[in-house]
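Colleague: Please model the entire structure based on the sequences and the hints provided.
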Amino acid sequence: MLNIDLILHNPFKIMGYDSEDIIPENGFGAVLARAGVGKTAFLVQLALRALLKNKNVLHISLNDPVNKVSLWYKEVFNNLAKQYSIKPSSQIWEAMLPHRFIMTFKAEGFSVPKLEERMTDLSEQNIFSPQVVIIDGFPFDESVRESLSDLKAIARKLSLHVWFAVRTHRHEEPASDGMPVSFSNVSDLFDVAIQLQPEGKEIHVLSLKGGRSTTGFPELRLDPSTMLIKNTSSSPLQ
Amino acid sequence: MVYDTEKVRNIGISAHIDSGKTTLTERILFYTKRIYAIHDVKGKDGIGATMDSMELEKERGITIASAATYCEWKGHEINIIDTPGHVDFTIEVERSLRVLDGAILVLCAVGGVQSQSITVDQQMKRYKVPCVAFINKCDRSGSNPFRVIDQLKEKLGHNAVAMQIPIGLEADLTGVVDLVSMKALYFDGDNGENVRVEDIPENLLAESMNRREELIDTVSMYSDELTDAVLEEKKITEELIIDAVRKGTLTREMTPVFMGSAYKNKGIQPLLNAVTKFLPCPADVENEALDMDNNETPVMLESDPQKPVVALAFKLEEGQYGQLTYIRVYQGTIAKGSTIYNVRNGRKIKVGRLVRMHADKMEDIEKIPAGYIGALFGIDCASGDTFATPGLNLSMTSMFVPAPVISLSIVPKDNKARINMSKALGRFTKEDPTFKTYVDDETNDTIIQGMGELHLEVYVERMRREYDAEVITSRPRVAYRETITRMAEFNYIHKKQTGGAGQYGRVAGYMEPVTEEDFIFENKIVGGKIPTQFISSCEKGFRLCLAKGPKMEFPVTGVKVVINDGASHAVDSSEMAFQAAARGAFLEGYAKAKAVIHEPIMKVVVETPTEFQGAAMSLLNQRRGMIVGSQDEGQQSVIEANVPLAEMFGFSTVLRSSTQGKAQFTMELASYRQVPQSIAEELLKKAESEKKSAA
Chain A
1 MLNIDLILHN
11 PFKIMGYDSE
21 DIIPENGFGA
31 VLARAGVGKT
41 AFLVQLALRA
51 LLKNKNVLHI
61 SLNDPVNKVS
71 LWYKEVFNNL
81 AKQYSIKPSS
91 QIWEAMLPHR
101 FIMTFKAEGF
111 SVPKLEERMT
121 DLSEQNIFSP
131 QVVIIDGFPF
141 DESVRESLSD
151 LKAIARKLSL
161 HVWFAVRTHR
171 HEEPASDGMP
181 VSFSNVSDLF
191 DVAIQLQPEG
201 KEIHVLSLKG
211 GRSTTGFPEL
221 RLDPSTMLIK
231 NTSSSPLQ
Chain B
239 MVYDTEKVRN
249 IGISAHIDSG
259 KTTLTERILF
269 YTKRIYAIHD
279 VKGKDGIGAT
289 MDSMELEKER
299 GITIASAATY
309 CEWKGHEINI
319 IDTPGHVDFT
329 IEVERSLRVL
339 DGAILVLCAV
349 GGVQSQSITV
359 DQQMKRYKVP
369 CVAFINKCDR
379 SGSNPFRVID
389 QLKEKLGHNA
399 VAMQIPIGLE
409 ADLTGVVDLV
419 SMKALYFDGD
429 NGENVRVEDI
439 PENLLAESMN
449 RREELIDTVS
459 MYSDELTDAV
469 LEEKKITEEL
479 IIDAVRKGTL
489 TREMTPVFMG
499 SAYKNKGIQP
509 LLNAVTKFLP
519 CPADVENEAL
529 DMDNNETPVM
539 LESDPQKPVV
549 ALAFKLEEGQ
559 YGQLTYIRVY
569 QGTIAKGSTI
579 YNVRNGRKIK
589 VGRLVRMHAD
599 KMEDIEKIPA
609 GYIGALFGID
619 CASGDTFATP
629 GLNLSMTSMF
639 VPAPVISLSI
649 VPKDNKARIN
659 MSKALGRFTK
669 EDPTFKTYVD
679 DETNDTIIQG
689 MGELHLEVYV
699 ERMRREYDAE
709 VITSRPRVAY
719 RETITRMAEF
729 NYIHKKQTGG
739 AGQYGRVAGY
749 MEPVTEEDFI
759 FENKIVGGKI
769 PTQFISSCEK
779 GFRLCLAKGP
789 KMEFPVTGVK
799 VVINDGASHA
809 VDSSEMAFQA
819 AARGAFLEGY
829 AKAKAVIHEP
839 IMKVVVETPT
849 EFQGAAMSLL
859 NQRRGMIVGS
869 QDEGQQSVIE
879 ANVPLAEMFG
889 FSTVLRSSTQ
899 GKAQFTMELA
909 SYRQVPQSIA
919 EELLKKAESE
929 KKSAA
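Protein sequence lines correspond, in order, to chains A and B.
Residue 1 is where the first sequence starts when you use the working numbering, and the numbers rise one by one after that.
Residue 239 is where the second sequence starts when you use the working numbering, and the numbers rise one by one after that.
The hints are simulated quantities; they were obtained by calculation from the structure and are not laboratory data.
Warning: the hint list may mix true and false statements.
What the hints assert, rightly or not - Computed list of lysine-lysine pairs in DSSO-like fashion (alpha-carbon distance at most 27 Å, straight line):
1) B:Lys366 to A:Lys68
2) B:Lys841 to A:Lys87
3) B:Lys485 to B:Lys472
4) B:Lys832 to A:Lys87
5) A:Lys114 to B:Lys391
6) A:Lys106 to A:Lys53
7) A:Lys68 to A:Lys209
8) B:Lys841 to A:Lys68
9) B:Lys545 to B:Lys245
10) B:Lys789 to B:Lys674
11) A:Lys82 to B:Lys668
12) A:Lys106 to B:Lys245
13) B:Lys472 to B:Lys574
14) B:Lys674 to B:Lys832
15) B:Lys366 to A:Lys106
16) B:Lys472 to A:Lys87
17) A:Lys106 to B:Lys363
18) B:Lys391 to A:Lys106
19) A:Lys114 to B:Lys363
20) A:Lys55 to B:Lys841
21) A:Lys74 to B:Lys841
22) A:Lys87 to B:Lys798
23) B:Lys841 to A:Lys106
24) A:Lys201 to A:Lys55
25) A:Lys68 to B:Lys363
Stated by the list, open to error - Computed, partial: chain B to chain A, Cβ under 10 Å:
26) Ser446
27) Val866
28) Gly867
29) Ile877
Beta carbons: idealized from backbone N, C-alpha and C, even for Gly.
Modeller: Below, the structure is given as structure tokens:
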């Protein structure tokens, strides 16, 4: 197996996410965690997998400027390249970049119609047509259902796979379905929900929706030093 | 002379080209008694305004050189530093923005926030310079200061608050109402020098009350005392409001707005009061230097005159008596007779004459303490040099100077121009480390190199205007490079026997691509196959090949050469023979190493109103640009892209015309990348046809 294939290998199979893209076309996926646990690093790894498959990824951030998002990709990619001894990594990196587009908004200035306008601009001018969309910093507040429904319509129109980072809070009791409260009332719109759960020095990757429900912790973890996904039962990601 | 840093203001006046910046500066100098007569910009007296030094600036709408002038107002010392507003002069902009602590943003009451106001405002934002706004030309027909305040909010995203309202507008403008003291101010005398304070006219009382309410509402955010006073319905003193406005202004969270007409001498004195009340003194601003002993780690400086000296030379001027170096002292004190050293070259300097400048007149002073601006006489240094107390290795600017990415040849029109051109080039290279010049050995042409098309264009114009040197320029050329992409071996024998002493040398080894260095030479010869004394000749031979690559005569970079075998002859081997053998070996290896052309890729950042985002992206896309991302900042949007320099010629004109002049861009070298095959072929064809036409 080529080193590059190791990265492309679906690490979530053991969690029951059998499909290569984890979420179906037009589908929504969520990565839930408290602040600082590693949502962005996790999403960036999903994005890198897609990029390596020559898929166009639109990364939307409502928190960070373009430079910072760009740095995330560079960091995570360098860690991956180191872990899998990929050489020459700079050529792969350069080849990947045209497939990525970063769009950042000030959280208060973000709206779904605005995003749609920007995306239409990009695709009409043949600048960029995304296949995978990552949305980091999307506010899961009272009006979120309406915005999510509008986003769903865009996802259908453009056949997108959309991933969200969902911030949870330490003090929140889970809802009756076991989901964090802020997410529970919109969870029906999502096909996949993955939670990052810190336990001591480990960060466990749990399936909340769409995968096999597990008792106890599965073997998938985030390595706290590199924030890379690793499978503790075998060599990395196999 | 008493030195009190709290009473010092180092400010810039930033404005759109026609909003009256020069007139305003002229009035400021008049009221602060630095000049005793007022000359208008396009005056009939033929003298012109005091700060108006460069014709070229006005014509192109850009400020190229920064003049610094000093004045006093109500016990405060104000240094006014002229700021270049154009993006191509990145180093110059950075230098002058570092030197100032605050700014007056001048806007036209008729034209409002225009594209260049956006440019200068973005620069202020980038360098976190606090500012007060002055809405000028309230006497003009069609003026509407409150529309401009709305534009400041909408277009520039400022939390702009009126500190005054006008008394009358257009031809009826007679004064302003100060919303803090709630008094009407009129400006009497031939030149408006006498400020008459009166009660607010009856017809403006209600509006003044409303506007004051708005002001207090906004600024109470920045002061708990003011909030308490409002909530407890206590008397709101002027001090409380001033204190809150100052806090909000220093953190750039609000912009107090003043108004008047510089031309009609109205509203300038209150603006000067605002500069002293609301803009920061040097101690309010954090300044960083880079520790050169510690990998350029940032170090905080303290605005303390007793500490060791750190000062920045931010501008050079050629005067009657030699070079005048403008400096700002950030820490410590530079005194007459003291010794400082230039951090860049380690040269010690004994401080001779110290002066303070007022446009083109000067005044001798004894010392320049932290926070102050002054000038040194007769010191040989370059712009951007840092002076420090001997032993302190701190620099105000990074020592990293990017390599030039564009060049063009210049030919003087006549002999007089030749002499002047050489003077001008000497000056420019000292002023600007990114501007370089050399004489091409083959063509004997003088080549100038810089960071962008406009960068070079402006220097050519300055040569003509300031130095009377007419030159003919060639088309700009991009600094392409050659490099190899795979390992290749060489084994070359240089042998010549044509009578006299023969030449013999054999050099063998391999070359391979490297990314970390431009050239690496490694000697792995064992057993004296090439005698030690000839190894350096081999290295020299290889190095000589780098200047002009065999593929297309571009400089060769990213090559590692390893020699591991060779042969010599007891009589016929010489330094010359091994240099020639190395050259032959290089050509042999290079031909097999799959050489490619690399081109400079620029990181281009376009700042544009959101409505033109699509247009700007499309322009970048058409230029082989790879858009990294877009940042939505409310009214403005920032697009970041990597674009080959070769595609950026004329971009500023195209960008301007597609965005109604509202977008601007900055450009810096990001990396070198291989040119696509089709472009490489085009380059090859072009090079061949040039060769043919030269022959």
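Colleague: Are the hints correct? Go through all of them and say.
Modeller: Results for each hint:
no. : hint                 : in the structure
1   : B:Lys366 to A:Lys68  : 19 Å, holds
2   : B:Lys841 to A:Lys87  : 25 Å, holds
3   : B:Lys485 to B:Lys472 : 21 Å, holds
4   : B:Lys832 to A:Lys87  : 19 Å, holds
5   : A:Lys114 to B:Lys391 : 20 Å, holds
6   : A:Lys106 to A:Lys53  : 30 Å, violated
7   : A:Lys68 to A:Lys209  : 30 Å, violated
8   : B:Lys841 to A:Lys68  : 15 Å, holds
9   : B:Lys545 to B:Lys245 : 19 Å, holds
10  : B:Lys789 to B:Lys674 : 25 Å, holds
11  : A:Lys82 to B:Lys668  : 44 Å, violated
12  : A:Lys106 to B:Lys245 : 38 Å, violated
13  : B:Lys472 to B:Lys574 : 53 Å, violated
14  : B:Lys674 to B:Lys832 : 31 Å, violated
15  : B:Lys366 to A:Lys106 : 19 Å, holds
16  : B:Lys472 to A:Lys87  : 71 Å, violated
17  : A:Lys106 to B:Lys363 : 16 Å, holds
18  : B:Lys391 to A:Lys106 : 16 Å, holds
19  : A:Lys114 to B:Lys363 : 25 Å, holds
20  : A:Lys55 to B:Lys841  : 24 Å, holds
21  : A:Lys74 to B:Lys841  : 16 Å, holds
22  : A:Lys87 to B:Lys798  : 19 Å, holds
23  : B:Lys841 to A:Lys106 : 23 Å, holds
24  : A:Lys201 to A:Lys55  : 34 Å, violated
25  : A:Lys68 to B:Lys363  : 19 Å, holds
26  : Ser446               : 33 Å, violated
27  : Val866               : 6 Å, holds
28  : Gly867               : 3 Å, holds
29  : Ile877               : 9 Å, holds
In the structure shown, a violation is registered for the earlier hints numbered 6, 7, 11, 12, 13, 14, 16, 24 and 26, in ascending order.
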